Amino acid sequence: RKEVEQDPGPFNVPEGATVAFNCTYSNSASQSFFWYRQDCRKEPKLLMSVYSSGNEDGRFTAQLNRASQYISLLIRDSKLSDSATYLCVVAEAGGKLIFGQGTELSVKP
Amino acid sequence: EAGVTQFPSHSVIEKGQTVTLRCDPISGHDNLYWYRRVMGKEIKFLLHFVKESKQDESGMPNNRFLAERTGGTYSTLKVQPAELEDSGVYFCASSQDLGASGAELFFGSGTQLSVL
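Read top to bottom, the protein sequences are chains B and E. To convert, note that position 9 of the first sequence is 295 in the working numbering; the numbers rise steadily by one, no gaps. To convert, note that position 50 of the second sequence is 305 in the working numbering; the numbers rise steadily by one, no gaps.
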C-alpha cells in the first residue's frame, strides 16, 4: 500500500466548475499536511498547508480528517490557469515529505 | 533573492558512467533535501542534510549514490556507476527552520537525468 494515495486522474473540467481532490495517508504519526502544485516540467510549489480545522485561500479550500487519515482539496470557479498536477503531501518528523502520485487537472474553456 | 538552483538541468549519460548533480539552496537555509521522481511514480525522498550533516539518508537507493554537503552550503549527488533505472528527475529542496516539520520546502527546478 502506498503511503499517500490520491484520486487517479486526469480530471477534465470546464471553466467555472468546482472540482474536489481526495487523498489518504497511511502513517497516523504524520505531523503536517500540504497540497503542492506542479506545472508541466516544473518543480513542485506549495499551494497551501492543511489544518484540522479546515482552511481556505481564495477559491481553494483544504480539509484534514486525522481520524480517517483523509485530506481533501476543493477548487471553486476553476480557471484555465488552475491546470496542473496537484500533489498531496504529508510531512514526517524532521521535515521529510511523502508525496502522493499526483492528480492531473485540466480546465478547458 | 535567488531560489534553489540546480545544475545541470539535463544530463544524458551512458550506463556505467558517472554523473554529479549540484544543488545550491537558498542562502541561510540549513535544511537541504534531495528527492527523485522516476517516470510514472511519485516523488520520493532520498536524503536530508542539516547543515553539513546527514540527518536522514533512508531514501538513498543503494551505495551507487553518494551525497555530500561540505561546509553546509551547496550539495552534490553523485551516481557511480549509473544504471538505466536511475533515470528520472532529481529535485533538491531547502527550508529554513531547523527540524520544523511544518516549514515550507522550496524546490529547485530539477535535473532530468537520462541513462541510456
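Mixed in with the good hints, there may be bad ones.
Straight-line Cα separation of at most 30 Å, DSBU-like style, residue types lysine-lysine; simulated pairs [claimed, not checked]: (1) E:Lys270 with B:Lys394; (2) B:Lys365 with E:Lys333; (3) E:Lys299 with E:Lys333; (4) E:Lys296 with E:Lys270; (5) E:Lys333 with B:Lys328; (6) B:Lys382 with B:Lys288.
Coverage of chain B stretches by chain E, computed from C-beta distances (three or more under 8 Å per stretch; other residues unrestricted) [to be verified]: (7) 295 to 309; (8) 376 to 384.
No lab work stands behind these hints, which were simulated from the structure alone. These numbers were taken from a predicted model, which means no experiment stands behind them. Positions of the beta carbon are idealized from the N, C-alpha and C atoms, including for glycine.
Structure-based check of all given hints:
1. With a CA separation close to 42 Å, the supplied pair E:Lys270 and B:Lys394 exceeds the 30 Å bound.
2. Restraint check for B:Lys365 and E:Lys333: not satisfied, since their Cα atoms lie roughly 41 Å apart, outside the 30 Å limit.
3. Annotation: proposed proximity of E:Lys299 to E:Lys333 holds, straight-line Cα distance about 17 Å (limit 30 Å).
4. Restraint check for E:Lys296 and E:Lys270: satisfied, since their Cα atoms lie roughly 21 Å apart, inside the 30 Å limit.
5. Straight-line distance between C-alpha atoms of E:Lys333 and B:Lys328 comes to about 22 Å, which keeps the hinted pair within the 30 Å bound.
6. The hinted pair formed by B:Lys382 and B:Lys288 meets the criterion: a straight-line CA distance of about 16 Å does not exceed 30 Å.
7. A stretch counts as covered by a chain when three or more of its residues have a beta carbon under 8 Å from one of that chain; for the segment 295 to 309 of chain B and chain E the count is 0, and the coverage is violated.
8. Residues of the segment 376 to 384 of chain B lying with their CB closer than 8 Å to a CB of chain E number 8, which satisfies the three-residue condition for coverage.
Figure legend: structure checked against the earlier numbered hints; hints not met, in rising order: 1, 2, 7.
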